[in-house]
Amino acid sequence: MSPNELSTATAVELAAALRAKTMSAVELTQACLATIARENPVLNAAITVCGEQAIEEATAADTLLRRGDGGTLTGIPLLHKDIFCTRDVATTCASRMLENFIPPYDATVVSRLRAAGTIMLGKTNMDEFAMGSSTETSVFGETRNPWNIHCVPGGSSGGTAAAVAAGFTPLGTGTDTGGSIRQPASLCGITGLKPTYGRVSRLGIIAFASSLDQAGPMTRTAEDAALMLQVMSGLDPGDSTSADIEVPDFRANLGDPISGLKIGIPKEYFSSSLEPRVAASIQAALVELEREGAELVDIDLPHTDQGIPTYYIIAPAEASANLSRYDGVRFGYRCEAPTDLNDLYERSRTEGFGEEVKRRILVGTYALSTGFYDAYFKKAQQVRRLISEDFNTAFETCDVIAGPAAPGVAFGLGTKTTDPLAMYLEDIYTLSVNLAGLPGISVPAGLLDGMPVGLQLIGRAFDEATLLRVAHRFQLRTDHHLARPVPTAVNP
Amino acid sequence: MGLEVHLQLATESKIFSGAATRFGAEPNVQACAVDLGMPGMLPVLNARAVQYAVMFGLGVGARIGKRSVFDRKNYFYPDLPKGYQVSQFFEPIVCEGKFEVPMPDGSLFPVRITRAHLEEDAGKSVHDAYAGQTGIDLNRAGTPLLEIVTEPDFRTAEQAVAYLKSLHSLATYLGISDGNMAEGSMRCDVNISLRPTGTEVYGTRTEIKNVNSFRFVEKAIAVETERQMDILESGGHIVQETRLYDADRNETRSMRSKEVANDYRYFPEPDLLPIVLDDAYIDNIRAGLPELPGAKRARFIETYGLSDYDASLLVDSRTTADFFEAATDISKAPKLTANWILGDLAGALNRESLDLTESPVSPEALAGLIVRIADDTLSSKLAKQVFEGLWLGEGTADEIIEARGLKQVTDTGALESLVAQVIEGHPDQVTQYQAADEAKQKKLLGFFVGQVMKASKGQANPQRLNGLLRAMLDSG
Chain V
0 MSPNELSTAT AVELAAALRA KTMSAVELTQ ACLATIAREN PVLNAAITVC GEQAIEEATA
60 ADTLLRRGDG GTLTGIPLLH KDIFCTRDVA TTCASRMLEN FIPPYDATVV SRLRAAGTIM
120 LGKTNMDEFA MGSSTETSVF GETRNPWNIH CVPGGSSGGT AAAVAAGFTP LGTGTDTGGS
180 IRQPASLCGI TGLKPTYGRV SRLGIIAFAS SLDQAGPMTR TAEDAALMLQ VMSGLDPGDS
240 TSADIEVPDF RANLGDPISG LKIGIPKEYF SSSLEPRVAA SIQAALVELE REGAELVDID
300 LPHTDQGIPT YYIIAPAEAS ANLSRYDGVR FGYRCEAPTD LNDLYERSRT EGFGEEVKRR
360 ILVGTYALST GFYDAYFKKA QQVRRLISED FNTAFETCDV IAGPAAPGVA FGLGTKTTDP
420 LAMYLEDIYT LSVNLAGLPG ISVPAGLLDG MPVGLQLIGR AFDEATLLRV AHRFQLRTDH
480 HLARPVPTAV NP
Chain C
0 MGLEVHLQLA TESKIFSGAA TRFGAEPNVQ ACAVDLGMPG MLPVLNARAV QYAVMFGLGV
60 GARIGKRSVF DRKNYFYPDL PKGYQVSQFF EPIVCEGKFE VPMPDGSLFP VRITRAHLEE
120 DAGKSVHDAY AGQTGIDLNR AGTPLLEIVT EPDFRTAEQA VAYLKSLHSL ATYLGISDGN
180 MAEGSMRCDV NISLRPTGTE VYGTRTEIKN VNSFRFVEKA IAVETERQMD ILESGGHIVQ
240 ETRLYDADRN ETRSMRSKEV ANDYRYFPEP DLLPIVLDDA YIDNIRAGLP ELPGAKRARF
300 IETYGLSDYD ASLLVDSRTT ADFFEAATDI SKAPKLTANW ILGDLAGALN RESLDLTESP
360 VSPEALAGLI VRIADDTLSS KLAKQVFEGL WLGEGTADEI IEARGLKQVT DTGALESLVA
420 QVIEGHPDQV TQYQAADEAK QKKLLGFFVG QVMKASKGQA NPQRLNGLLR AMLDSG
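Chains as they are written, first to last, in numbering that gives the first Met the number 0: chain V, 0 to 491; chain C, 0 to 475.
Hint data in this document are derived by calculation from the structure and do not stem from the laboratory. Remember, it's a predicted structure, so these values are computed and weren't measured experimentally. Some hints could be false.
To be verified - Where chain C lies over chain V, by a calculated footprint (3+ residues, C-beta under 8 Å): (1) 228–240; (2) 367–374.
Said to hold, decoys possible - Simulated crosslink set (DSS-like; lysine-lysine; CA at most 27 Å straight-line): (3) C:K383 - C:K453; (4) C:K383 - V:K377; (5) C:K65 - V:K378.
Glycine included, each C-beta is placed from N, C-alpha and C at the ideal position.
All chains should be built: construct the whole structure from the sequences, respecting the hints.
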């Protein structure tokens, strides 16, 4: 394969090439590292690159492959969002607070993917502590969108999205608390799946909002997502919220036709907040699904508008507690020469956290305070149940829900950084899915003025298989997912 | 007064991690990544802690929460690694109950249990290890605690202490706590308020934190009551606050007042699922409960004819109760056995600072002694010498009696000859005796008893001797 082919190939294709011995895992890894070396100075998608270690892992993979051992993912490179703890490799959450944090353990997702034979190329940039929709709040600087380097890649898993789009790696991991896999996948023209809450272990993932966080695959195709999800899924005794539910073979029925499948279209997802041309792209995608034999039905998700206020109470409330451990006492950033305990706390946290993180800690702390708990947190939990019931009701008349993943295409760097509310609106179509704990996927649905649009599909709890099947059928029919940005090295 | 007790549960590992809970290890060797609050770490509930909490709930006759939920209690402190403590605030595992506490006078004092909930302990600040700096030892962080809260039912320090002793006894019976107060296995907070006699409304309360011995609880209540009384009588107001009992100075002093107190911002812990218990689980635990102090006490009174007082003392610890039953099984003399356990044996153990489990005298050995008292082989005085032999490991009671020649002289012939010798040797006293009134006679009788005892080297049976002496003197 030529370098250009390599950078657009899927994991399934690469696995076949490795097995056919037309290429070794070391060659593949070297090619990926070369792309990173060439493109990353502009994109800033990867913040740690483990070149030597990756080559060592690839060498070991080649040994396995030569013996005819290993699984489908043996020798396939990937990048982890820098929120996954990686043993002996810096894990920063893109925060000054954890700039020098090197965990002595792997997240379950990391160890499972490692055990499956993947090669870890490094760690990707993100919004600090996963709080953001643009990957601009990272202490390591913003990541740029490979389709237009003056635009954001979305966030918070923007580093992985940009890396997969730019050909750094065929596979990457992300986490999605309110849309942090699907929105950047949409803005970077890749496939990003947020599994059902509980499908994938959260152990070793630095917590943002524990009842919403979920890790998922970010790939070039739905088939690759199925491949990765297979390895990532399943009960973990170390995460009490991981589900003790059977993991199906996600690739088994991927190609099955979707004729007769009912796809629900929520009118609330096509309101005035959606850019009209994005709406048109999504409508066009829906027509393709109809041509596949699916039946489009109108549904209501009446509490959609309450999603943002509900989310922005629950997520910050949980975050305010989750981030209390960063106090300068045991690990992480500690201020210079604290005068007393309060000074240690105040300055370590003031200096160690960025603006958006501090904003959310303040919001969350307020929402949980005596006298406000009932009005905010408790009320938000009640509305969360209503949102969940909306979906339950909808799934009585449809099998999958379809709509946009984001209200628009990638926006310009810096255009929303001073307006948190505008930034929060980026997740209007995704965060209800987290509140309800459901699986959602974003797949490329075409380009608008050269910038990708993402179609979001939402499924029933633990029915990722149907989502992946619809996405795969869509990708068999269309070629949106094959579109690739021009390498930034020749597109300054 | 109302009490809050933090009871450390005797699980092998911590409530949310696999780290060990042993006391006294080197600092921070028993703190794993979960206990340290490391990024990405998650709690996993220890099933044994749940079982112990349910055992306790059933033991105090409380309602078990079929669904209980963990909450986060948020505050910053260096010994609290996560910046929040995982506790149960909204829905505890043990709900309301009523606990009957035996008082020293033998009566039962009812205490209403409000609730008991599971939570994790914090670590410890170490202030004396580094000059000018504070060290943190997180070995204790994550140790399971059961916080037991009562209604404000206590009116005296005596009631409070009796309740605590009773709770301690229950916990050790159930085997859910080692009950070692010196190592902090049971810590008590006392909420205390005063009100004028005859009024209904409680006054403003203060909370005395972390009192860790029964004696200190008693003293802390006394000094705090006095302090509040002085303030109220001089027209002042009590400030609602947390106070600390200083045992060295025997005073309480302010830790922090409620106005600047933490807002703990409790909310449900999203990293843990609710604990849902079904009837089968609870019934199974109920079926496996040992006989508890209350029931055992009643049985001891009923079956062995013991006094309320003795029964209460014996059942106070399961070891003592078991010792008593094992010994009585052989001695067939419950009252005598109880007296020896609570008297000479307890005294000897106390002198040597030994626990009953470390007693050099086994229940069988003690029973052997009691059998010889019951059959009049030994007088109580001789018995003490035999006991000494048992304590020193000289063999069984019978072996010691033989070896030391301590057999009591009960044989009438032998006694008669001893008495005759003494009467003969003290003619003046005999004359005095025969001339004296009843009161005087009694006194003189004592003299003769003493002389006979002396002549018999203490081995004369005192009861028999009395009768014999009287008869022989009277017949003069």
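Here is what the structure says about each hint:
1. 228–240: Coverage by chain C holds here, the residue count being 5 at a Cβ distance below 8 Å.
2. 367–374: holds (count 4)
3. C:K383 - C:K453: holds, 17 Å
4. C:K383 - V:K377: violated, 70 Å
5. C:K65 - V:K378: Roughly 25 Å between the alpha carbons, so the hint for K65 (chain C) and K378 (chain V) holds.
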